[in-house]
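Enquirer: Taking the hints as your guide, dock the two standalone chains into a single complex.
Residue numbers (the working numbering), protein chains in the order written: chain A, 1 to 228; chain B, 1001 to 1154.
Rather than coming from a laboratory, the hints here were simulated on the basis of the structure. None of the values given here were measured: they were computed from a predicted structure. We put the beta carbon where it would ideally sit given N, CA and C, even for glycine. A portion of the hints provided could be inaccurate.
[Claimed, not checked] Residues of chain B placed beyond 10 angstroms of chain A at every Cβ, according to the derived structure: (1) Ser1042; (2) Leu1045; (3) Lys1072; (4) Pro1085; (5) Gly1100; (6) Asn1109; (7) Tyr1110; (8) Pro1112; (9) Tyr1113.
[Claimed, not checked] For lysine to aspartate or glutamate, the following EDC-like pairs were computed, each having C-alpha atoms within a straight-line distance of at most 16 angstroms: (10) Lys1121/B / Asp61/A; (11) Lys1076/B / Asp61/A; (12) Lys105/A / Glu1008/B; (13) Lys1050/B / Asp61/A; (14) Lys105/A / Asp1011/B; (15) Lys114/A / Asp23/A; (16) Lys28/A / Glu1074/B; (17) Lys1072/B / Asp23/A; (18) Lys1121/B / Asp153/A; (19) Lys206/A / Glu1074/B.
[What the hints assert, rightly or not] Far from chain B, some chain A residues (derived; all Cβ distances over 10 angstroms): (20) Tyr26; (21) Asn63; (22) Ile168; (23) Leu191.
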Amino acid sequence: MSNVTTASTKEAKWWNGGKSPFDVEYGKVMMWYFLMSDAFTFGAFLISYGTVRFSTNGWPDPNLVFKSFPFAPEGVNAPLVFVSIMTFILIVSSVTMVLAVHAGKMMDKKGVVKYMIWTIIGGIAFLSCQAWEWNHLHHEGAWWGRNPFMNADGTASTSNFTNFFFTITGFHGFHVFSGVVINIVMLIMTLMDKFEQRGHYLMIEKAGLYWHFVDLVWVFVFTCFYLL
Amino acid sequence: MSQDTHAEHHDVIAEIKKVTIILSVLTIVELILGFWMIGITSEGLRLAIKGVIVILMMAKAFYIVAYFMHLKHELKNLIMTIVVPLALFIWFIIAFLADGNSFKNLRNNYDPYFKEQATIKAEKKEHGAHGATPSSHEKGASNEGEHKTKEGHK
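Chain B with its partners taken away, still in its complex shape (with noise of 0.2 angstroms):
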């Protein structure tokens, strides 16, 4: 008996080592992905380093779910409870962006204000430098010149 559970032990804390450095390697990878985005200008090629992040985004969480909370090594009766209900986040996710994209391009063929505030150029803005001043012709600019004086002063 106590053989087994010294056999089960040894187990246990290969299968916490293993998932340690998968969980470090994706999470190494995201980093080096997300670094190399930083350069990266073009549209379609910055979508798809988005997407294999996500992916591995959902593989991590997979192993932290299924092993670090044990939840693979539970019952499937428990395992179904817990992740059907999870399923509508499918729906959840596919629905909102979705309508939110809507929005936008709604907004942009509708809306020439809304499409203008996406054209005017904020002014750029130095972080500490002093004497910014607000500038007159928009709105969200002279707010936010506001912001710096305050911060000069500090």
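The shape of chain A in the complex, shown without the other chains (with noise of 0.2 angstroms):
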């Protein structure tokens, strides 16, 4: 570490040979480069959701369909509550990685053990909320194909909004699922100690570089879907 902020202060000639002028390892920058590429993704999709809003006279109110909470009477009307809980529990569980990201470091291979359990408790604890919403709103009505909720100046609306809705956050939830599929690999890995034998938690950091992405991704969801 303290090697590397010696050779940046020095003005290094970095493209001169010799040296990897991104000084971070092979893994690392592929990683980067697969997350621009998914960020792409991302980004057309909520670039298409956002043509087709503008592009249409009336939208539904988020507000007024997701009020709902597991376990209210029915009729409860909390808007944002819930989600607002999702995205904390998100944000937590991205603090978490930081933490186990740091403790790999530091070759503590305890710390990386207990923050990565943190973190796989807190995207199952996410998919576990994800996969209540989408139930409740198949339950009333909502899918692929049809929308049960009105605009909110009260004209009928069309199939854009479920469909944006349930292709985006099924496609991040998705990413949540193969996220956690991902830390639980590497838990396993920490347990068999095969980062010790390698001498480099690296590994750890590149699943790291993925889960914060993951987080990354639901700010501009959770902001264009549910509070825009």
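Expert: The structure is reproduced here in structure tokens:
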């Protein structure tokens, strides 16, 4: 770590050969490139959602659509409450992931195990929340191709709203699911002392990058569907 | 050496704490704005609040990428390789949203059916209400009526 800082302050000539110009290992650069391509995929989804919404006269009011809460009575009106809990679950799991990465840098196996378990729990909690919400909306009659919610101004709406909602939150949920699987694999590898044998926990950093990206995408999805 | 890493450890933990607090505060402000917006009917004010929410969203994205994903502490070479291609989004967003908006205006001007659809009120439906009858005057509403009756039998 201290080597890196001294090298970069000396205005080193990074492109003259003999050293890695990015000064990170191959796998991490490739993870960044993958995440960049994934950012374009999500960006394409969200921009197409925005384009269709801009080209339509009316749109359902998210505060009337997403107003229920698990175990609450039928007619409860609690807009934004459930989704804010989901958001905080994901932020907290991102924080525990940073702590796991940091513990890995300190070669602290116990810390890595502890924080990876918390991160996995956070991911599963988020997926459970999403499963509940999808199930609830499905019972209200919303699915791909059908939209029981009317526009905010009381006019009839199209199924564009539900199509985009289920496609984009579904794609994000699939990323969360993959992230949880990756994190479980990382936890097992840590418990098997794989990283102790290698002498570094770089794999945890790469899994961490992916997990933070999932959190990052949720920031955009949450804002675009529930707030705007 | 060990003292060095010890001090570094505290710095990192302090930074994580700071960023966690910033992200939580930004989210809470977003939610407060969201709740506030529920009661507001003025289009201009709603648009202004939405603008603020988007700025807060970008701030959250910055903190996650810069600190949690550690990009701020990487070499400038890597930062530029990642950030510069993403600048394409600026053009994507402006171009596509403007296109969508223009399509809406064109259809409102030249397609009377499209404009008429936006004025027909849908029937008010209470959740779980039985016996919602399919209405005959409008296609969209009649489809919705069918779903509602299906729901009622569940």
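Enquirer: Please go over all the hints and tell whether each is borne out by the structure.
Expert: These are the hints, each one checked on the structure:
no. : hint                 : result
1   : Ser1042              : holds, 14 angstroms
2   : Leu1045              : holds, 14 angstroms
3   : Lys1072              : holds, 13 angstroms
4   : Pro1085              : violated, 6 angstroms
5   : Gly1100              : violated, 3 angstroms
6   : Asn1109              : holds, 12 angstroms
7   : Tyr1110              : holds, 14 angstroms
8   : Pro1112              : holds, 13 angstroms
9   : Tyr1113              : holds, 12 angstroms
10  : Lys1121/B / Asp61/A  : holds, 15 angstroms
11  : Lys1076/B / Asp61/A  : violated, 43 angstroms
12  : Lys105/A / Glu1008/B : holds, 11 angstroms
13  : Lys1050/B / Asp61/A  : holds, 14 angstroms
14  : Lys105/A / Asp1011/B : holds, 14 angstroms
15  : Lys114/A / Asp23/A   : violated, 29 angstroms
16  : Lys28/A / Glu1074/B  : holds, 11 angstroms
17  : Lys1072/B / Asp23/A  : holds, 14 angstroms
18  : Lys1121/B / Asp153/A : holds, 8 angstroms
19  : Lys206/A / Glu1074/B : holds, 14 angstroms
20  : Tyr26                : holds, 12 angstroms
21  : Asn63                : violated, 5 angstroms
22  : Ile168               : holds, 15 angstroms
23  : Leu191               : holds, 23 angstroms
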